[in-house]
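Single-letter residue listing:
Protein chains: 2
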Amino acid sequence: MTRQRSRRDHRGPRKVGTIPQVARGQARNPFPPIQILTADQIEMIHLASLQVLEEIGMEFLDDGALDILARAGADVDRSTRRVRFDRGLIEESVARAPSTFTFHARNPENNLRVGDNWTIFCSVGSPPNASDLDNGRRPGTQQDFRNLVRLTQSLNVVDCVGGYPVEPVDVPPETRHLDCGRDFITLTDKLWYAYALGRERIADALAMVCLARGIDRDQLRREPSLFTVVNTSSPLRVDGPMLRGLMEMAENGQCVIVTPFTLAGAMAPVTIAGALTQQNAEALAVIAFQQIFAPGSPVMYGGFTSNVDMKSGAPAFGTPEYAHAALAGGQLARRYGLPYRSSNATAANGPDAQAAYEASMSTWSALLGGCNLLLHGAGWLEGGLCASFEKMIIDAELLQMMRRLFQPLQVDADTIGLDAMRDVGPGGHYFGTAHTLARYETAFYPPIISDWRNFETWQEAGSPDAAQHANRVWKSLLADYVPPPLDPAITEALDAFVARRKKEIAQAG
Amino acid sequence: MTRQRSRRDHRGPRKVGTIPQVARGQARNPFPPIQILTADQIEMIHLASLQVLEEIGMEFLDDGALDILARAGADVDRSTRRVRFDRGLIEESVARAPSTFTFHARNPENNLRVGDNWTIFCSVGSPPNASDLDNGRRPGTQQDFRNLVRLTQSLNVVDCVGGYPVEPVDVPPETRHLDCGRDFITLTDKLWYAYALGRERIADALAMVCLARGIDRDQLRREPSLFTVVNTSSPLRVDGPMLRGLMEMAENGQCVIVTPFTLAGAMAPVTIAGALTQQNAEALAVIAFQQIFAPGSPVMYGGFTSNVDMKSGAPAFGTPEYAHAALAGGQLARRYGLPYRSSNATAANGPDAQAAYEASMSTWSALLGGCNLLLHGAGWLEGGLCASFEKMIIDAELLQMMRRLFQPLQVDADTIGLDAMRDVGPGGHYFGTAHTLARYETAFYPPIISDWRNFETWQEAGSPDAAQHANRVWKSLLADYVPPPLDPAITEALDAFVARRKKEIAQAG
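Order-wise, the sequence lines are chains A and B. Each residue of the first sequence is one higher than the one before, counting from 1 in this note's numbering. Each residue of the second sequence is one higher than the one before, counting from 1001 in this note's numbering.
If you're looking for bench data, these hints aren't it; they were derived computationally from the structure. Keep in mind the model is a prediction, meaning the values are calculated, not measured. Where a beta carbon is used, it is the ideal one built from N, C-alpha and C, also for glycine. One or more hints might be untrue.
[Said to hold, decoys possible] Some chain B residues near chain A, calculated using beta-carbon distances under 7 Å:
| # | residue |
| --- | --- |
| 1 | G1265 |
| 2 | A1314 |
| 3 | A1353 |
[To be verified] Chain B regions said to be covered by chain A (calculated; three or more residues, Cβ under 8 Å):
| # | segment |
| --- | --- |
| 4 | 1197-1208 |
| 5 | 1390-1399 |
| 6 | 1417-1431 |
Starting from the given sequences, assemble the full structure and let the hints guide the process.
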């Protein structure tokens, strides 16, 4: 595989292996965000969430965090671990967070800018199960994990991983982060992800990313090279391992995405206004804590508000309520000058029409909400319980289409082509004209899986649906996969690190 | 079936038969249109299209139309039937078209406003084939036609028909318009559609709509009660039957949607800028003709620009290029103060993920382009060659979701629900709270087909995909269908009219 040198030139399509792809390079979103709420309504939610933090407060389930918050002037109740925040403390702390920064990948061509109108499309993160049309659904394995990381590497439109693309349950959990980190580094040269499950695992990831990039801790602190998501245990609680992971990340200058898990009607009020208020309160409290602990450390505002099916309590995604929250969430993030994370989410159980219209609803509203990082961009099914190989390809098609939509329309004498219209005249056609021949190869988005054949030809080919096309494509990408180059000395150092740490963990256990 | 009295109150969901539906009533689109082109670029396209009409001109394949245009001052070449327009003539003629008007249905509760930010969702129009999961794809029949009209009537989110939902090829073509018109009037009380295939068929439709509404020609002229689409035979030609149908419609005050058929790379330049320029030139020429012939008659600006697959020449829809054109088309329509028509289009052959992501791409871009009338809103497949019963239901889900998305988010002390947050506190849940119980029944959009069950329950139920759910839903809607009330005297008069006209046509033939 060759790699495109210029980050800016992502206009021409490019075939990698057997499928047409957009060139590598990060996209910018040219569309001004939709303002679904008025400035007054945003202010009402802002003030209500400050009131929540002053009057109700939030539980921080870590004594070290409580010490830090108490020292900063928060009202800390040690017995309940409830923290109440003065609104001034929240506002001045959150204001320390940077609005923009740059992620550093082991291949600098895969660096990613965060903030403004830059967008990052991540692959799926954290499902316990994997599925494909051939083998159905099963608990995720190391093989699934590796194959999904390989696809993430091979798909140009996917900028980085978004967590373990599936949880490899056949890998021992106490040292899984070491195996997964090593796989991330060797199978992709894009940005990767560490789980905030205590300080130790993050510390291991930091050591590994320094080895991979050949940098020291000082450089790492200046150059965010890893990210994690800290989910609150909504309502109004954040657990200890998450907080300790956050601290290890933040004091080393790595990016934390604070994402409340505010499903309206379950862990948050049944109204979107209420769920957004709670989301905002929880996000502000944790971001304020991070900025008190490590001022200026990179952070993103995560929105994940959706609704549940009130008949069953099952979570729903890609719904109109989800879209409302995705749009409003962007307004809230911008209210604080914070980069905004949203998701490409669906509750569908298979890669069918529902998966596609819910993914479209999620992605359109996230991007029109000004989302800077789209987590679960490719491969999510079942509200996050399953990573689907076919859905990853269907989503890549959707993301490529959005990338193409982001490109400006060229309007000038040349593209308008009055001479071509003169030549063709009334009743003719443009297939063979010079204007067409000079442009047809790159004029239109070339799809990965969309089948535009006429019905008869399609039927003769066995009437393949989009999922079947996607099945063919991921197999072809895996067959063509070539690992990105890596200095053998780095691989050796990584292996030695992993071996040493596994021994230490076994001895400690 | 009961009917909601207030047009404005479409917030509460409502079950009709076995499926949850939005209440009847037309939607308004609260989102400001996306400006994909700058004002300068729009002006460049505007000026280039005026230049096309001045220098290249357009063929009008009807001698009567040529007479009218010559009298108005256009430069008419009788031998080639080529008409060249001075830009002043175009601009002053187009300026006579109304920006807003109201469609009158036989049931006044189904009247529809056109223009501003009002939206109209039509069902599919004009495919030669029908398909469903049980019987596959076949040439359309009268039974298919009637069933699709019944579904249009039963689906609250579908505002009107969008042409024959399928061409009933088992009905004799010379009198098909009489049978179809009678079916439209008896099976639905929503707005219907007549084909501009010469003056006579339109005259029959005008007579029938007067009978159905119990009005005379004067009232009909004041109250648009029918619409038609006039497609140009791109590039730069409009055929005779279309022009004669247009004249019969326009002089009777009925609405014409002028829609150039500008597939970039085939009947229009391969660039979207060029295709839009040609679309704009053709639309302006025909709209100007209509306004010269019948000043002030209702008209809409139709955009249908898409691209072809340059490998095969097959038309593609719901592509990024389609979305670009749908957004820019709205800007052009508003440049002239004209209501804007776009479409929910896809080239997929079955109701799969491709059908859903292409339909989503089309619908989002049409609505963000400020579309006032979404033709083919529900049921289109294969680039218009097939009406799918399952796709109609999948699209109805998509349209209902957009309707819900159009509703404002309520933000006030009551919806924010601080008291509920106080009651629940950190670590609790909201399932049983008073705030939830008071709202849960109407808090969220209830889907028609989206399956939110967990994987195991879904698998036990046979792993139904969205198309299978849609199959169940359309059958249930047809089983529950009740024809809208119609005065038996009207039915009798209609039958007598149809019988008389059939005899006349047989004698004339």
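Is the coverage entry for the segment 1390-1399 of chain B by chain A consistent with the three-residue Cβ rule at 8 Å? holds (count 3)
**Message:** Count the residues of the segment 1197-1208 of chain B whose Cβ falls closer than 8 Å to any Cβ of chain A, and tell me whether that reaches three.
**Reply:** Since three or more residues must qualify, the claim that chain A covers the segment 1197-1208 of chain B is violated, with 0 doing so at under 8 Å.
(Q) Can you verify the interface hint for B/A1314: is its Cβ closer than 7 Å to any Cβ in chain A? (A) Given a least distance of 5 Å, the restraint on B/A1314 holds.
Hint B/A1353 vs chain A: min CB-CB distance below 7 Å?
Hint on B/A1353: holds, closest Cβ of chain A at ~4 Å, below 7 Å.
Q.
Verify this for me: three or more residues of the segment 1417-1431 of chain B with a beta carbon less than 8 Å from a beta carbon of chain A.
A. holds (count 13)
Exercise. Taking 7 Å as the limit, does the beta-carbon of B/G1265 come near enough to a beta-carbon in chain A?
Worked result: For B/G1265, the interface hint holds, since the closest Cβ of chain A sits about 6 Å away, which is under 7 Å.
Of the hints listed earlier, the one the structure fails to meet is number 4.
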